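Two independent chains are provided; combine them into the complex using the hints.
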Amino acid sequence: MLGLLLVAAGPAHAQGKLTVVTTTEDLAAIAREVGGDRITVESIARGYQDPHFVEAKPSFILKLQKADLLIVVGKELEIGWLPPLITQSRNSKIQVGGAGYLDASAQARILEIPQGQITRAMGDVHPLGNPHYWLDPENGKAIAREIADKLGELRPADRAVFSQRLADFSNRVTEAEKRWSAMIAPYKGLKVVTYHRSLPNFADRFGLNVIGYIEPRPGIPPTPQHTLDLINEMKAQNVKVVLVEPYFDLKTPNSIGRATGAEVLVLPPSVGGVKEITDYFKLFDYDLNLLVTALKKVGDTGTR
Amino acid sequence: MNDSNVPNESNVPNDSNDVVGVTGGCMRGFQYVIACGIAAAMVSAPRAADAQTPDAQALRQAIDQLRQEFQTLQKQYGDRLTALETKLSAIEGQAPAAAGAQAAGNQPQQPAAEVPPGAAGAGGPSGSLPIYGAGAAASKVFNPDIAVIGDFLGAMGRNTVNPSPALEMHESEASFQAVVDPYARADFFVSFGEEGVEIEEGYLTFPAIPGGLLVKVGKQRAAFGKVNTLHNHVLPWTDRPLAINNLAGGEEGISDAGISVARLIPNPWAFLEATGQVYRGDSGDLFQSSKRGDLAYVGHLRGYQDITENTNIDLGASYSRGHNDSGVRRGIDVGRFVTDLWGVDATLRWRPLQRSIYHSLVGRTEVIWSRREQPRATQRAVGYYVSGDYQFARRWFAGARYDNSDRADDASVHDRGGAAVLTYWPSEFSQVRGQYRRIRFGDEDAIANELLFQFQFSIGAHGAHPF
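Line by line, the protein sequences are chains R and F. If you count by this note's numbering, then the first sequence holds residues 1 to 304, one letter each, in order. If you count by this note's numbering, then the second sequence holds residues 1001 to 1467, one letter each, in order.
The set of hints was computed from the structure by calculation and includes no laboratory data. None of these values were measured; they are calculated from a predicted model. Please note that the accuracy of each hint is not assured.
To be verified - Derived CB-CB ranges, DEER-like:
no., chain 1, residue 1, chain 2, residue 2, range
1, F, LEU1301, R, VAL298, 28 to 36 Å
2, R, LYS93, F, ASP1145, 22 to 30 Å
3, F, ILE1259, R, LYS93, 18 to 26 Å
4, F, GLY1276, R, LYS93, 21 to 29 Å
5, R, ALA121, F, ASN1267, 42 to 50 Å
6, F, GLU1309, R, GLN237, 37 to 45 Å
7, R, ASP229, F, GLY1196, 47 to 55 Å
8, F, TYR1319, R, GLY116, 31 to 39 Å
9, R, ALA121, F, SER1172, 42 to 50 Å
10, F, THR1311, R, VAL298, 35 to 43 Å
11, F, ASN1267, R, PRO156, 31 to 39 Å
As the list claims (entries may be wrong) - Quick look at which bits of chain R chain F covers, simulated, 3 or more residues with Cβ under 8 Å:
no., region
12, 59 to 65
13, 113 to 124
14, 215 to 227
All residues carry an ideal CB built from backbone N, CA and C; glycine is no exception.
Next comes chain F alone, as it looks inside the complex (with noise of 0.2 Å):
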């Protein structure tokens, strides 16, 4: 696929930017000629009424020359346009199976520069420099898939517990994707958000190791349930589910470093898959590790069957323990506390194949149990969400969403609310928000009613799109 690119890459564009040359140049005679013929017509012109002049004559004579000079000239650039065309197309016209060759073998002379006078005989390098990164544009075929989504939130109404700004550019996100060599591909997912620039993933993948295993290392968003896989431009809100801000770290989640290993369970009634994580043990302020014995880790099972060729559920359980920062001071963890976190996941989905573009329905839940060990009694702490997000027409999505959770630090103070969120795509590539809000933060009466917008964008390579 790349193939057929490389002499496109490689070559043409010296050869017509040669082309371009001589047209200008045939352009510019061009030009010359009729520029003198004026200059020549108005210098003439005062003079007619002293009727045939031998001036006149020696002036006409002066433009028939110029006129045979400007046509021997054209005929030498059209002969040189039709020997240039005929080179391109003779380029353009090579196989594609030996593209690769000939790429490398028609790259163009590396461009040089000389040395400077004064620098020479200096003890430094003599004769002619080369220009650097001139004529590599085949090299940017190796250039990894780059792409950037911006998001930008605003927020109106009341929050006195947990307010967001009115307007911000909550994220811009980077991601470089390519295929390092024939065992791995890499990728990299940076976020630059209003404190700072993170890198929110970035992983080395082994897709085709024996054994039927999926090895990833690097930092990455671990695999617990579903809105913790999920970088923030594919959720369906835009906000994460109070499930996940109370009990699983947040916008952050967990995320670390650490690697991962996926594995197919065969059997014969469905796709089973096992992941193991390990991670350093530092998490937001989910997880944190003082030694380096104090790793997090990760357990996930997944279940997904075909239930007709419109339909089919998505199953999960999820498991994740790690120490806290409950029993630590002064930098040293005297509590040793630990946080075990449990959680199930299912997912429903409905899209007709051949309407797959104007509807679809996604029914989710995910419920969460956290066991967090702190310095006086441990929290035992629960929360869950349901979620639907219906596909009305090409362009349109209208959800819903309620939240429930305990805190993970306080189990006994609950917090509730409810969402509903329109969404308009005006292409593929970008995405406007607006969702309703209204969260109950504990037992007294801290009410948040919040209408929240967002604006989301998409430049670059074309991105796979989320299942």
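Here chain R stands alone, though its shape is the one from the complex (with noise of 0.2 Å):
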């Protein structure tokens, strides 16, 4: 009776949309963009939500057994909570390794790679490398590259569907960063404290220079000896803007604010991470905007 419902269920699945899920909000945009309406996305963590402690909800299981293509951003972000879901979701498909499995880091540039002996003393390092790679739009398109390359796997027939949509979002996005580059070139190399290590790509592609973050080390929250000492640090430096995700507290640095008369901007590192950025074109839009109003405020052209 189960085989007579699978062939049942079967020949229509194969021609209905692809059911894709994918851990971040950020990634199910992307895919958006590549799949069109030949796929539906559904992304587990929310985009104001801390990616390294999402947790693994059994609904999420309920997702993920009907999933045809699991996208995640890898290097060891889900480590935390994405094994498990994954062996209960009694889907032989998006288990690693199987044809609906993509780790969409694969052709990313990825930063802060550790270098020789890491231990935990340093906090919870990531050995892979950043995790917090999608924040480059130039990684953008590469993530859109495998997601295209894989779905066309999926759904042969789609390819050329696939690829064209890819096409489009490739070049949307390349004309898009001559207008971000333009809007923060005249802050190039502007001094900035961020919270956790989550904006290294998204410096390095628009120039900033991040000089120090609000947890000592990674994972570890502020202490009062490391925050006297950023204050100190940002004073000599003059450095006028911090950047907290949205997802932490924001007494130390507003503290840390006040202290040294720096803007506190709350920046959404993620799609979702407040209701207007709806896509990955939005996420840059909002987040420069975000930076060049307040750094007119501050009029704060001369920190270098």
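The following block contains the structure:
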């Protein structure tokens, strides 16, 4: 009877839309660009949530059970919560190494890959490099290429559609990059402080100089001594901008802001981080706008 | 993800060793020249007064010659370094897709050792012998994820009924986890305690069996309620509730060699999972099997629903049955007595997504009914606990628990107790906990008042967080 059901469900399923589940909303946004109406996409984590600490809720198992494709950020970002969900999904397609499992980081430029001996004395370091790589539009294109290839593999009949949409997306990103670069160009080399090490790719692409972090070490909450040191360092280097991810407490950043006169900005690192950011382009539009508006306010073109 | 590591692990260290070797040699050459120079200066110093003697000129010539030789040497080494660097960057720059194949292709030659002269011709191997293990860095890719969790417990105060030591290394749990093949993964948890080593769990999971089944085979903690499935280090307390200790096997719990099959029940409303398990029938002092046919069974039904994105509810009902040891006389189960356990559990969780690392609340209760056949009279006992844990800062948790339970072998005896817990996480990988616990054992005045404290620490692979 089960066989009959499978046979009955099979062909209808094959012609329907591909069910894609992504771990983050950024991947969902890019998959949507590439897959268009040939796929349905759903993200597990919300954009305003810390992607390191998602809870492995059983309701996610139901989503994964039905997925044709699971797209992950990789670089151990999801290591604390995704493995048990995959194991319990009862879905052979999306098991690691399966045809429906895609690590989107394969072609991306990964920064901060630790060299030499690493230990947890350094905090919660990511041995494979910084996983927040989607914050560089060039990496966005690389992610889109991965997704287009994989979708084409799963739906050979639609391969042309996916490559056409990929080309279109890449062109639009390239166009937008010119606009974004122009926006931020006057502030090239701007010194900033961030809460967590979430922004190396963003900083690298848009010419920001991250001189320190509010966390003394990745995953370790701020300590009074470190905060004092950071305040002194910021004063010494005349740093006027503090960038905080939306899921961190603002108490320490605000007190640093008061002590140094720096502007504290809640900078969403992901699509869905605030309501207005509904796609991958709006992520950079929003973040760069926020930054540039604040810089105009502090009149801070001189901090090099 | 692993592919990109392969060239790093297999090739780069060897080449970089060469580089280090060359720079080392270069440094040595440089030091040699300086040493020569100083020596020459010292030799020449006393003679400086003799004006420009032919000796000094000869020395100067010698030094010049040395300098020239050194510069040539430096250039040679520099060239070799450049060549090596080019080679290195070529290897690093290879496309990740080809990495797997490249790793195999570029595998350094197996280092070899000569057969000792005396052994040659004695019928053994001749020529060179392979050195096993060398150059095998790439094979480490397949090593399981290994972690060790230490659980150090201390106790102060008075407990005359069930005292624990003042200080103990309660448990050191080593875990080994990896994917076996395209069809299965394996998880081992080996527990080193004060009484010896035990396989806490060791099982194979088939995650992708047709029909939506999740099959586990091996020694495992049974799916009876919530606390029974949890390892010590993920409990929100330093101990286990009285109801678990009195009725459901205590710390070891229902944990046995067996087969588990779990299936999701499709429905439009909620997550619903049914689990059926068959065990050998030996679970600490709870179940004892005297014959091959005396198996133990566990059935569990779990329902889960998100109420909002921050709040969810998790409900469970469990049943278990196995033979107990009350009818065993001189190794023979003459009584054929059976224990039946029923349980219900409910968990309410709250965690605001945008501040998920700072605040959370878990409220939990479990009720267990035990029906234990015994020689004199069947005992029907009931026990429960209610607990709440609130995370009030990124690294701080406060909790409380109320316990109430009859004893399984004498249901007329009631134990009651309560505990207050404070937990601090220096990081994700360590935890310090203090727990005040008061238990009234039985109905006489055996009251235990204790302060328990715990240090827990984890090294190795980053495990998944429990839910």
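Exercise. Checking C-beta pairs, does the region 59 to 65 of chain R have three or more residues closer than 8 Å to chain F?
Worked result: With 4 residues in contact (Cβ-Cβ under 8 Å with chain F), the coverage given for the region 59 to 65 of chain R holds.
Problem set entry | Distance restraint evaluation - ASP229 of chain R, GLY1196 of chain F, Cβ atoms, bounds 47 to 55 Å | Since the Cβ atoms of ASP229 of chain R and GLY1196 of chain F sit about 49 Å apart, the hinted range of 47 to 55 Å holds.
Problem set entry | Outcome of range test on Cβ distance (GLU1309 of chain F, GLN237 of chain R; 37 to 45 Å) | Once the Cβ atoms are compared, 40 Å apart, the range 37 to 45 Å for GLN237 of chain R and GLU1309 of chain F holds.
For this session: Mind checking the hinted window 22 to 30 Å against the Cβ distance between LYS93 of chain R and ASP1145 of chain F?
Result: 23 Å Cβ-Cβ, so the 22 to 30 Å window holds.
Problem set entry | Range agreement (Cβ of LYS93 of chain R with Cβ of ILE1259 of chain F, hint 18 to 26 Å) | With Cβ atoms ~25 Å apart, the hint holds.
For this session: Could you tell me whether the CB distance from TYR1319 of chain F to GLY116 of chain R stays inside 31 to 39 Å?
Result: violated (54 Å)
For this session: Could you tell me whether the CB distance from LEU1301 of chain F to VAL298 of chain R stays inside 28 to 36 Å?
Result: violated (59 Å)
Exercise. Residue count check for the region 113 to 124 of chain R against chain F: does it reach three with CB-CB under 8 Å?
Worked result: With 3 residues in contact (Cβ-Cβ under 8 Å with chain F), the coverage given for the region 113 to 124 of chain R holds.
Problem set entry | Range hint 42 to 50 Å (beta carbons of ALA121 of chain R and ASN1267 of chain F) holds or violated | holds (49 Å)
Problem set entry | Verdict on chain F covering the region 215 to 227 of chain R, where coverage means 3 or more residues with a C-beta closer than 8 Å | holds (count 3)
Exercise. Lying within 21 to 29 Å: is that true of the beta-carbon distance GLY1276 of chain F to LYS93 of chain R?
Worked result: holds (25 Å)
Problem set entry | Cβ distance range 31 to 39 Å for ASN1267 of chain F and PRO156 of chain R, holds or violated | holds (35 Å)
In this structure, the earlier hints numbered 1, 8 and 9 are contradicted, and the remaining ones agree with it.
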